[in-house]
Amino acid sequence: EEELVPVGKAYFGFTDEELKQIDKYVRDNTIERFGPVRSVRADRDNGLVLEVAFEGLNRSTRHKSGVAMRFPRISRLRWDKPANEADRIETLQALLDR
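Residue numbers 1 to 98, in the working numbering, belong to the letters of the sequence shown in order.
Calculated directly from the structure, the hints in this document are not laboratory data. As the structure is a prediction and not an experimental result, all values here were calculated from the model. All residues carry an ideal CB built from backbone N, CA and C; glycine is no exception. Every clue listed holds true.
FRET-style restraints, in silico, Cβ to Cβ:
(1) Asp97 / Glu32: 33 to 39 Å
(2) Ser65 / Val40: 17 to 23 Å
(3) Lys20 / Ala83: 19 to 25 Å
(4) Pro6 / Asn46: 15 to 21 Å
(5) Pro82 / Val5: 15 to 21 Å
(6) Asp16 / Val49: 19 to 25 Å
Listed next, the in silico DSS-like pairs over lysine-lysine satisfying Cα-Cα at most 30 Å (straight line):
(7) Lys9 / Lys81
(8) Lys24 / Lys9
(9) Lys64 / Lys81
(10) Lys20 / Lys9
(11) Lys64 / Lys9
(12) Lys81 / Lys20
(13) Lys64 / Lys24
(14) Lys24 / Lys81
Make the full structure from the sequences, and use the hints.
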């Protein structure tokens with residue numbers, strides 16, 4: 001079964017309107033809460049796709065994915081892209097193997 005795995009924490013520069021849209025999405029799709037942290041629905045049919053830029057990749061024992069992005073940053077929200085079209089961890093792993 002497919003699952004989401006972390007590859008790092010990315011920062012952003014969203015507009016106020018984008019932050020409102022993200023907040024609504026998170027509130028509407030929350031499945032668990034851990035204090036102020038929320039876990040949201042994420043499957044092949046539902047999910048928020050973010051485009052992430054980064055400076056490089058490293059192998060990581062800290063992340064379940066085995067990959068860590070160097071200097072990740074969210075470059076844009078992809079409301080137009082369904083979750084099942086988002087990239088897979090295999091793409092990052094292939095970049096590491098180059």
